[in-house]
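Engineer: Sequence:
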Amino acid sequence: MTEKQIEWAKKRDELVSAVNRLGFPEELGVQMAKQLGSPKAMDRMLAYLYNVKPKTVELVVDEMLAICSDIDAWHNKKAAEEANAKYNEMLYYGLGTEDSDFI
3 MTEKQIEWAK
13 KRDELVSAVN
23 RLGFPEELGV
33 QMAKQLGSPK
43 AMDRMLAYLY
53 NVKPKTVELV
63 VDEMLAICSD
73 IDAWHNKKAA
83 EEANAKYNEM
93 LYYGLGTEDS
103 DFI
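Take any residue in the sequence shown, count from 1 to its spot, add 2: that is its number in our numbering.
Certain hints may be false.
The calculated label-pair distances, taken between Cβ atoms and stated as ranges, are [claimed, not checked]:
hint : residue 1 : residue 2 : range
1    : Ala49     : Asn90     : 33 to 41 Å
2    : Ala81     : Lys42     : 13 to 21 Å
3    : Lys42     : Glu84     : 14 to 22 Å
Think of the hints as simulated: they come from the structure by calculation, not from any bench.
Just so you know, even glycine gets a beta-carbon here, dropped at the ideal spot from N, CA and C.
Please work from the sequences and hints to get the whole structure.
Structural biologist: What follows is the structure, given as structure tokens:
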């Protein structure tokens, strides 16, 4: 296993353990780890579990979905920024000599 895979597995195990200590099934933690996808996202979820200590599965899942939504919004923002940078570059430098026949 690579270092990233080992880190992910450790975070998954920590998340499963935290979920189990709150009285929820281990499978919930396993599925949440898969859905969250990264150790950083799992750290955010763990911080919520340790600090809030939610009493219902609905609260746990709602927070997981909120974290996933934040991550998706960040990815969309970065993609839009990259597209905007390329567009601005095209406006500044033009399409180039090979594309000038089409203008």
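Engineer: Now tell me if each hint is right for this structure.
Structural biologist: To see whether the hints hold, each was checked on the structure:
1. Ala49 to Asn90: 33 to 41 Å: 37 Å Cβ-Cβ, so the 33 to 41 Å window holds.
2. Ala81 to Lys42: 13 to 21 Å: 19 Å, holds
3. Lys42 to Glu84: 14 to 22 Å: 20 Å Cβ-Cβ, so the 14 to 22 Å window holds.
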